[in-house]
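Protein chains in written order, with full-length UniProt numbering: chain A, 1 to 637; chain B, 1 to 637.
Take the hints with a grain of salt, since some may be wrong.
[Said to hold, decoys possible] DSS-like cross-link-like pairs, simulated, lysine-lysine; straight-line CA separation at most 30 Å:
| no. | chain 1 | residue 1 | chain 2 | residue 2 |
| --- | --- | --- | --- | --- |
| 1 | A | 270 | A | 227 |
| 2 | A | 509 | A | 392 |
| 3 | A | 270 | B | 509 |
| 4 | B | 509 | B | 392 |
| 5 | A | 328 | B | 270 |
| 6 | A | 165 | A | 227 |
| 7 | B | 328 | B | 392 |
| 8 | B | 328 | A | 328 |
| 9 | B | 328 | B | 270 |
[Unchecked claim] Just some of the chain B residues that point at chain A, by a computed CB distance under 8 Å:
| no. | residue |
| --- | --- |
| 10 | 185 |
| 11 | 186 |
| 12 | 190 |
| 13 | 194 |
| 14 | 199 |
| 15 | 274 |
| 16 | 332 |
| 17 | 337 |
| 18 | 352 |
| 19 | 392 |
It should be emphasised that the hints constitute simulated quantities derived from the structure, not laboratory data.
Every residue, glycine too, gets a C-beta built ideally from N, C-alpha and C.
Protein chains: 2
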Amino acid sequence: MIKQFFNHYSLPNTSVIPEHNYTANNSQLLPPDALWIKFNVPVGDHNAMTPAPVVTNTSGPTPVGPTGTSVERYYAYVFKGELINRYDEKADRQISEKATFDPEIFFNIILPPIIFNAGYSLKRRFFFRNLGAIMAYAFIGTTISCFIVGSIMRVLVSLMPETLKEFSFNDCLYFGAIISATDPVTVLAIFNDLHVDVTLYALVFGESILNDAIAITLAGSIDSFAKHYNLGFVAAVFRAFGNFVYIFVLSFLQGSFIGCATALLTKFTKLCDFPLLESSLFVLMSYSTFLMAEALELSGIVAVLFCGICQAHYTFNNLSDESRSRTKSIFELCNFIAENFIFTYIGVSMFTFPRHLWSFWFIIFAFLAIAAGRALNVYPLSIILNFGRQNKIPINFQHVLFFSGLRGAMAFALAIRNTITEPRRLMLTSTSLISIVTVIVCGGCTPALLQQLRVPVGVEEAEHEMLQFSGVRRSGSAQTPQDLRSPSITGGQDGPTRSAYEKAWLVRKWYNFDVRFMKPLLTHSRPSLMDTLPDCCLPLARLLTTTQQMSADEYHRRDDEDSDDDLVLQPAGGGGGAGVGGLQESNFSRTNSTDYQSTEEYSRDTGAYLTNSVIATTGNNGYNTSRGGAADSGRPA
Amino acid sequence: MIKQFFNHYSLPNTSVIPEHNYTANNSQLLPPDALWIKFNVPVGDHNAMTPAPVVTNTSGPTPVGPTGTSVERYYAYVFKGELINRYDEKADRQISEKATFDPEIFFNIILPPIIFNAGYSLKRRFFFRNLGAIMAYAFIGTTISCFIVGSIMRVLVSLMPETLKEFSFNDCLYFGAIISATDPVTVLAIFNDLHVDVTLYALVFGESILNDAIAITLAGSIDSFAKHYNLGFVAAVFRAFGNFVYIFVLSFLQGSFIGCATALLTKFTKLCDFPLLESSLFVLMSYSTFLMAEALELSGIVAVLFCGICQAHYTFNNLSDESRSRTKSIFELCNFIAENFIFTYIGVSMFTFPRHLWSFWFIIFAFLAIAAGRALNVYPLSIILNFGRQNKIPINFQHVLFFSGLRGAMAFALAIRNTITEPRRLMLTSTSLISIVTVIVCGGCTPALLQQLRVPVGVEEAEHEMLQFSGVRRSGSAQTPQDLRSPSITGGQDGPTRSAYEKAWLVRKWYNFDVRFMKPLLTHSRPSLMDTLPDCCLPLARLLTTTQQMSADEYHRRDDEDSDDDLVLQPAGGGGGAGVGGLQESNFSRTNSTDYQSTEEYSRDTGAYLTNSVIATTGNNGYNTSRGGAADSGRPA
């Protein structure tokens with residue numbers, strides 16, 4: 001109702017000369033972020049006109065003359081964006097001002113829920129199983145892609161020195177970095193519908209969310225490289241690399257730390273009695289991760305991604321049922337709206353963005369470059385990875401991986417963040433067009449491609465599990481917490497029955513650490529720290545074990561299982577239900593503790609493998625017999 | 001990662017004289033909303049320094065001199081807020097700039113979910129039953145309170161002409177308007193915990209949400225009064241009154257229209273097969289109501305409130321189960337976070353807001369004034385209302401109503417929206433303090449007060465129903481759609497058995513209209529339009545009736561009932577379950593259509609009243625026998 005003064009009037013132009021010189025970074029002159037304007041407002045005379053606005057820029061002592069009966073008022077103005085250059089068209093400029101969408105909103109409001117939700121809804125089971133391959137594609141592959149694209153664009157720039165004269169090699173690399181963030185949102189939607197092979201799904205999804213984080217860090221490093229270029233090439237490279245590692249590792253740690261802190265908070269307090277408060281804190285803690293990382297000059301995107309993974313892995317177990325479904329549904333909705341907004345905005349901005357720069361050859365070369373970059377990322381890395389993997393990545397999977405290199409939200413957000421210089425504007429135009437074309441072409445052709453390449457579709461996760469473990473028959477009568485304390489005694493039994501996944505040494509170590517220390521510390525799950533810590537730490541362990549955890553009853557056990565379902569390797573009976581049948585179920589239900597059961601990597605180290613002998617064991621409370629159904633019905637959507 | 005240029009440097013001051021004179025509205029000089037700054041950026045020379053920023057204000061032709069090798073760039077700056085006046089303290093000014101919280105965020109981001117959720121989660125049944133009293137308290141009472149407070153403050157101003165010299169009568173009235181928005185959030189939380197009498201709950205809650213909407217419209221009208229004061233007093237009063245009616249009615253219509261449009265959209269499409277899309281559209285349509293009203297210069301708060309009520313009343317019936325729980329939980333969470341934010345911010349701003357103006361006498365008088373305003377609102381109106389009400393508002397309820405006049409979010413948001421002039425700053429300081437004191441004192445004393453006044457607590461809704469209708473025994477063997485078409489034939493049977501609620505003529509008329517036209521048109525409920533419209537409109541009715549509605553099966557009937565549960569009067573059996581027992585249940589289950597049953601105002605017009613004769617009838621599908629349990633278990637939280 002209270003309208004602010006919005007009459008239009010003009011002022012004569014007055015040159016204002018800055019006292020200090022601009023020292024523009026990155027060879028561009030950027031406008032100041034904020035202006036403070038001083039107005040001399042007459043006092044007492046309410047009908048007085050013509051206050052004399054006095055401009056004073058951002059700060060500093062402001063000597064003012066005698067003001068008479070006027071009071072000085074300082075008003076802050078913040079930078080909103082650049083206006084279209086046609087300064088003689090008043091209406092046009094006004095529209096353009098209204099249509100200028102603050103790119104910081106992308107980074108601070110729209111991207112965080114998308115990235116957080118990616119971490120929060122990650123199919124962790126298959127993600128962790130393929131962690132090595134995913135990290136190789138994401139870290140090494142994205143870097144390869146960035147440099148390939150950068151080099152190809154450099155070639156183009158040297159071919160056309162006239163039209164692209166403002167393009168430095170650094171700009172080329174920057175373009176390589178922002179365009180290397182893949183976003184296979186349409187491909188994954190189709191995968192989901194068709195129930196495509198879960199390993200392929202995990203590879204595509206895992207790579208895409210990690211390489212977003214890497215692309216954004218890489219782009220920052222390339223900026224830092226430009227800043228330190230005067231130190232010499234090698235020093236600058238090392239600086240940039242150091243910058244990359246520093247930002248990525250610290251963001252990772254910061255995000256994980258907040259995630260774990262939330263888990264501790266929900267474990268050691270009675271928050272779950274107040275579900276609304278619990279959900280609110282969960283949402284606010286998660287978002288504060290992003291803000292905190294940005295305030296610390298780290299990467300908020302990386303932090304919020306790993307925070308999401310931690311929240312799902314630990315905190316989710318401690319939440320009340322109401323909070324579980326509430327947080328799931330909220331982040332799903334936020335993600336859905338934000339994603340739709342970005343893709344809508346990409347399309348709209350193709351027509352409304354006033355400063356598009358079109359260069360036919362640049363766009364053609366960019367398409368070639370991203371295809372080449374993607375190919376040199378996927379195929380060589382797959383060959384190398386297949387040396388180390390027992391279950392190879394088949395060639396048709398590699399084709400699908402190549403094909404799923406769509407560009408989307410993150411590339412566009414990075415491109416639109418800075419459109420001050422001409423090269424950046426050219427990048428934005430190209431990135432928008434590449435996003436639109438790849439989403440339509442690659443998204444539209446995915447079903448045909450899957451059919452052409454005979455990629456298995458309609459695979460249920462449980463079926464997949466059964467296929468994977470059809471050679472493995474185990475029984476565990478010797479599974480007690482005692483075994484947990486000496487996991488390496490029977491480890492290392494290499495043989496034909498050993499699953500391909502066991503090769504992932506790092507993953508196995510992480511599982512052990514996770515099951516023994518992290519989950520008992522951060523969640524209500526069994527075994528508790530009192531079981532897993534050495535005897536000397538018993539007092540500490542007792543302190544960190546809740547009564548709820550010690551008296552873990554039927555109810556809580558099922559709760560844990562629900563969430564573990566996504567988290568770690570789990571018997572087929574848990575996910576498959578009736579379809580898989582009793583044979584598989586009894587194979588896997590060999591301990592009386594759900595947690596031991598679900599971490600099969602761990603069990604495999606400790607347990608004896610019995611090939612082709614099916615021994616049905618029941619848990620000490622008869623719980624195992626009803627597991628399949630219970631997990632199915634109780635699992636959060 | 002990409003940091004914008006943020007070095008601090010100073011510019012010499014230059015006076016800029018506006019070409020046109022400021023025509024400040026409301027006797028204050030307000031700063032312009034936006035500035036466009038022209039920079040002359042040198043081209044080609046990337047290390048060039050000293051661009052000459054040229055200030056050009058908001059618009060107009062800008063004659064520029066020869067620019068040489070430089071390119072003109074226009075950057076838009078938007079108004080952020082006023083800085084503290086201590087211009088010689090640089091650091092202080094920077095902190096103050098960062099702590100300046102844009103008050104528009106309150107109105108555009110934080111208040112809409114609170115108000116929408118108030119409408120969406122309204123206990124409609126009791127709200128509509130007490131509609132007359134609620135509207136009297138809200139419309140008449142808020143206006144009384146506004147003028148009483150304004151007058152008392154005017155007296156104070158005339159007593160202290162020195163210190164409050166800038167205070168006009170208009171400022172006094174404006175203060176009266178913003179401080180008349182009650183927000184009994186703590187009182188209602190306590191009511192909820194203690195299960196206080198539902199009529200009392202409905203009165204307090206209903207009044208508080210409506211008077212927010214009225215206070216905001218009133219504040220706008222008082223502003224408009226000031227603007228038109230030069231037309232003469234009477235003309236200005238009529239203008240202000242016309243403005244009030246115009247804004248309120250149009251906002252109400254706009255909000256209801258969008259709500260009904262969403263209902264139609266969800267009814268006539270297959271959206272419910274895509275719950276995520278459905279929820280997103282629901283959220284976006286609801287929020288767009290607010291934005292659209294603001295864009296049309298109406299009141300977004302009023303529009304979003306009535307949109308919320310329509311969404312709950314109609315659209316909610318058409319949503320899929322997933323969307324129902326998702327939207328409920330999202331708006332609950334948004335409301336919770338937003339409310340907590342506001343109360344936190346009220347507290348924080350008491351210490352950080354740099355321009356508090358303290359006036360001991362003003363604050364003391366303000367407390368007296370709001371107490372007097374509240375008393376002259378509640379007690380006289382209650383006496384008048386009790387003439388017309390069969391179930392009187394007892395004196396202890398009136399005391400509680402008086403006591404629940406806490407000030408909160410809306411008063412603070414209105415006060416902080418404009419702090420340009422001294423009177424407004426004084427208002428903000430007083431409003432913050434009043435909010436804090438009333439919330440702590442009134443909130444803290446509510447349980448003691450309830451005990452002291454012997455207000456019934458621990459009342460379940462169902463019990464309440466039973467008490468209300470214990471004298472009424474009915475049976476309806478003659479209930480067919482035929483009766484619906486002649487509702488006035490047997491109407492008007494006044495007698496001792498007639499419930500007190502029947503007096504509300506307007507409400508009864510609305511019920512009839514709602515059941516016959518609105519619900520059949522906008523939801524999947526029975527009876528459909530084909531039953532309720534006259535025969536001549538049959539083709540149209542057929543067009544507007546979905547197949548789902550025509551073949552309304554068990555499932556959909558229960559769905560409707562779930563939502564109607566909150567909406568309209570319903571038999572005790574529906575809400576009470578086993579506790580109420582079979583007697584009550586059979587009394588009320590006399591028709592075979594849930595909708596007829598639940599609109600007892602309507603039925604009472606048409607049905608025959610049989611005193612003390614209990615006839616148990618079952619619906620044609622045996623559904624009535626299981627109603628209590630089904631409604632209890634299926635009702636959304």
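Quick rundown of the hints versus the structure:
1. Using a Cα cut-off of 30 Å, the hinted pair residue 270 of chain A and residue 227 of chain A is violated, with the two alpha carbons roughly 50 Å apart.
2. For the suggested pair residue 509 of chain A and residue 392 of chain A, the alpha carbons sit about 22 Å apart, so the restraint of at most 30 Å is met.
3. At most 30 Å may separate the alpha-carbon atoms for a hinted pair to count; residue 270 of chain A and residue 509 of chain B exceed this at roughly 49 Å.
4. Between residue 509 of chain B and residue 392 of chain B the CA atoms are separated by roughly 22 Å; this keeps the pair inside 30 Å, and the hint holds.
5. For a cut-off of 30 Å, the pair hint linking residue 328 of chain A to residue 270 of chain B stands: about 24 Å separates their Cα positions.
6. Distance restraint check for residue 165 of chain A and residue 227 of chain A: the Cα-Cα separation of roughly 20 Å lies within the 30 Å cut-off, and the hinted pair is therefore satisfied.
7. The hinted pair formed by residue 328 of chain B and residue 392 of chain B fails the criterion: a straight-line CA distance of about 34 Å is larger than 30 Å.
8. For the hint pairing residue 328 of chain B with residue 328 of chain A, the CA-to-CA distance comes to about 14 Å; that is within 30 Å, so the pair holds.
9. Pair hint residue 328 of chain B plus residue 270 of chain B holds up; C-alpha atoms about 21 Å apart against a cutoff of 30 Å.
10. The beta carbon of residue 185 of chain B is not positioned within 8 Å of any beta carbon in chain A (closest approach about 13 Å), and the interface hint is therefore violated.
11. Restraint check, residue 186 of chain B versus chain A: the minimum CB separation of about 15 Å is more than 8 Å; hint violated.
12. Evaluation of the residue 190 of chain B hint against chain A yields a violated restraint, the C-beta minimum of about 16 Å exceeding 8 Å.
13. For residue 194 of chain B, the suggested interface contact is broken, since its CB lies about 18 Å from the closest CB of chain A, more than 8 Å.
14. Taking 8 Å as the C-beta cut-off, the interface hint given for residue 199 of chain B is violated, the closest approach to chain A being about 26 Å.
15. Evaluation of the residue 274 of chain B hint against chain A yields a violated restraint, the C-beta minimum of about 10 Å exceeding 8 Å.
16. At its closest, the beta carbon of residue 332 of chain B sits 6 Å from a beta carbon of chain A; the interface hint therefore holds under the 8 Å criterion.
17. Hint status for residue 337 of chain B relative to chain A: holds, with the closest Cβ pair at about 5 Å, below 8 Å.
18. The beta carbon of residue 352 of chain B comes no nearer than 16 Å to any beta carbon in chain A, farther than 8 Å, and the hint placing it at the interface is violated.
19. For residue 392 of chain B, the suggested interface contact is broken, since its CB lies about 36 Å from the closest CB of chain A, more than 8 Å.
Checked against the numbered hints given earlier, this structure breaks hints 1, 3, 7, 10, 11, 12, 13, 14, 15, 18, 19; the rest are met.
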